[in-house]
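Protein chains in written order, with the UniProt record's numbering: chain Y, 1 to 430; chain D, 1 to 430.
Be aware that one or more of the hints could be misleading.
The list makes no distinction among identical chains, and a pair is therefore deemed to hold if it is satisfied within one copy or across any two copies.
[Claimed, not checked] Straight-line alpha carbon distances no greater than 25 Å define the calculated DMTMM-like cross-link-like pairs of lysine to aspartate or glutamate that follow:
{"no.": "1", "residue 1": "K261", "residue 2": "D30"}
{"no.": "2", "residue 1": "K261", "residue 2": "D31"}
{"no.": "3", "residue 1": "K361", "residue 2": "D388"}
{"no.": "4", "residue 1": "K414", "residue 2": "D380"}
Hint data in this document are derived by calculation from the structure and do not stem from the laboratory.
Since the model is a prediction, treat every value here as computed from it, not as a measurement.
Single-letter residue listing:
Number of protein chains: 2
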Amino acid sequence: MMRTRPLKVALLGCGVVGSEVTRIMTTHADDLAQRIGAPVELVGIAVRRPDRVREGVPQELITTDATALVKRGDIDVVIEVIGGIEPARSLITTAFEHGAGVVSANKALLAQDGAALHAAAERHGVDLYYEAAVAGAIPLVRPLRESLAGDRVNRVLGIVNGTTNFILDKMDSSGAGYSEALDEATALGYAEADPTADVEGFDAAAKAAILAGIAFHTRVRLDDVHREGMTEVTAADFASAKQMGCTIKLLAICERAADGKSVSARVHPAMIPLTHPLASVREAYNAVFIEADAAGQLMFYGPGAGGAPTASAVLGDLVAVCRNKVAEATGPGESAYTRLPVSAMGEVVTRYHISLDVADKPGVLAQVATVFAEHGVSIDTVRQQGKDGEASLVVVTHRATDAALSATVEALRKLDTVRDVASIMRVEGE
Amino acid sequence: MMRTRPLKVALLGCGVVGSEVTRIMTTHADDLAQRIGAPVELVGIAVRRPDRVREGVPQELITTDATALVKRGDIDVVIEVIGGIEPARSLITTAFEHGAGVVSANKALLAQDGAALHAAAERHGVDLYYEAAVAGAIPLVRPLRESLAGDRVNRVLGIVNGTTNFILDKMDSSGAGYSEALDEATALGYAEADPTADVEGFDAAAKAAILAGIAFHTRVRLDDVHREGMTEVTAADFASAKQMGCTIKLLAICERAADGKSVSARVHPAMIPLTHPLASVREAYNAVFIEADAAGQLMFYGPGAGGAPTASAVLGDLVAVCRNKVAEATGPGESAYTRLPVSAMGEVVTRYHISLDVADKPGVLAQVATVFAEHGVSIDTVRQQGKDGEASLVVVTHRATDAALSATVEALRKLDTVRDVASIMRVEGE
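Could you put the whole structure together from the sequences, leaning on the hints where they help?
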């Protein structure tokens, strides 16, 4: 049965994603109405630059006064695709105060202020949905929040940034160095002019914070996420990875500790075996593994960014929030009841691949092995290569804490026979 | 805020899945209560054989009178994991009449009577959820029904039966024949004593019907699904597939026609390129590709069957239905507004790989090519191999309708120079 009064939607931001949202809302209006049970009408689009040409976007809906738009009082749903902290946060809060549900694609804001925003939404009895904030079109927020709501998630392991995956994939397939691969990504539009947010892992860290919070029913803020970028990954690292039957990916890893009493979230480059499904995720695609007690291992794969995929996620949320409006209900809100603490990186347990440049003389391996043993880091394999008085040692450890590994490396650097710790990389996905 | 009156749940069936549901509901009661916003209590378990030992299942909850259980009048949610058409259908209908929402894992029933059951649920203002009916723990129903609710799905292509994937994977990796691989699957518990439902494609066809209906917002019944089993696939077919850089999978394929005016659903073995992500789905795993206008290509991968994974999906739905009960709302019901007709198999367009045993003499290829041309089936490649007066021709076609291909094959069989049409297999995923 179709309600006749249309639901009114305000759009904040009309860049690549906003334009696509507008296009689909216009061309698929009948489908959306059928799926929601009520017609849905775009009543205003707030932009900074009203004179910019936006094909297919009705000029009469454009306004520069975003605050006035969300304050109209008759808006049912606000779609926020501006990005960044302010003015997005104030506009969303104002929207809640005026009774509107919100659909947001804003990972930075959700990672920083998710708890406060959820509380505000709940206070005003409205929805806050943000599937588009994590991995574009790939359904992750909804599966974690709803499909796995009766299960116990132990780990989320994924490639959640397309730019860095494109760069690493290029380095892997062509043998290119980081700068060369970054240039290609920039030329093809996969990297922004200032790629910092991507290559330094800020974007992935925001997504990791959001995913960890939902997966473990606790609060994980951006500051809780250990973050290492991928600008130091070299062609030599890829060569080492290949020798181990691995490749290198920038991974977001959210884990419940073995004792179940804490969680951790981190973003860093890591070696993963070529046999792992994440190893074959090419170009700018994203993929996320979820491990749960009952479900086992699930993987979700797809385009992690781009106007149309992100718009798909926004519109899925729009339909959900509109359906809730029609039913005069709200969807599941924040679930943070476990209040599990977030461990510091030092307590995180994983494996390591360490390349050392050492003096090529007898007894070096014994010295190095002693240092590992003294710090309680157990060695899995050692590979020794030498020529012309120089030698390299490649050590792969068993699982150890990050703190123990750091202390080991510090002690190794002090050995006269160790000329350089050429690289340290974690090994995941085994 | 926690409601104190518990939600009452009745469980119908306590086999592998039911026992696991009971175990999780008991051990994770606190988590479920927090996630639902109300405690949830299992108040009765209907079974056929009450004397069977079921570890961890409270004996005092066991009853043989399923009808009396669903008629109690105080049940909030009924979980149906009996399977089959009756008595499951009557029990679900009775549950609706008494105000209970239903969570079902029953693919056969949903594929046959989904429309009537949805209508009954809507009439009584209760929920019908069935994520567990398709591909075990892998979220598919919810992503299609909710995450992609603002998008236009064009194709669903997947491996949705673990038993047949295990058998085909064995044949591929070991060169074994069908019988040998089936025996191994049976010995390892991947195939049932009577494997008909799996190997003849009935199970996959039921899932295809459910997925097609949800994906295209129309009604697709089991009878609408073209179904071919995989018992005729031979080691020779795998050898041919390898020569083409392909492997063979039993696929469920749901497509919107190019003109958008009809849909189709089919289950049959097909060659797919080794580079396609579905080609690397091993053992009893399931994986489903979804192609949508805005989202692009998404893939969902995981364990498609088994007690714990299926229980995970059941419990996710249980949490959703319970949340809706607490909110005094219902989730999205059936969406079949497009009323798109389902095409007969003859109208479906795809590519074919055909092996012919032919006389090894000049002019045969020309004869064969003429037959293809007369039926409007365009040839992509031909490979000719001959020895000792016998020869084989392997023809791979461009896209053509199934009807045109069938007519071509019929005409080929009438040629004196064609001794046998050794195999016909569709080629997908390109």
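How would you classify K261 and D31 at a CA-CA limit of 25 Å: within, between, both, or neither?
Result: close only across copies, 14 Å inter versus 46 Å intra.
Under a CA distance limit of 25 Å, which applies to K261 and D30: within one copy, between copies, both, or neither?
This pair counts as between: shortest inter-copy Cα distance 16 Å, intra-copy 49 Å.
From the Cα coordinates, with 25 Å as the cut-off, is the pair K414 and D380 best called within, between, both, or neither?
Answer is within: at 23 Å inside a copy they meet the 25 Å cutoff, but 66 Å across does not.
Up to 25 Å CA-CA - D388 versus K361, copy category
within (11 Å within a copy, 67 Å between copies)
This entry satisfies every hint, going by the numbered hints stated previously.
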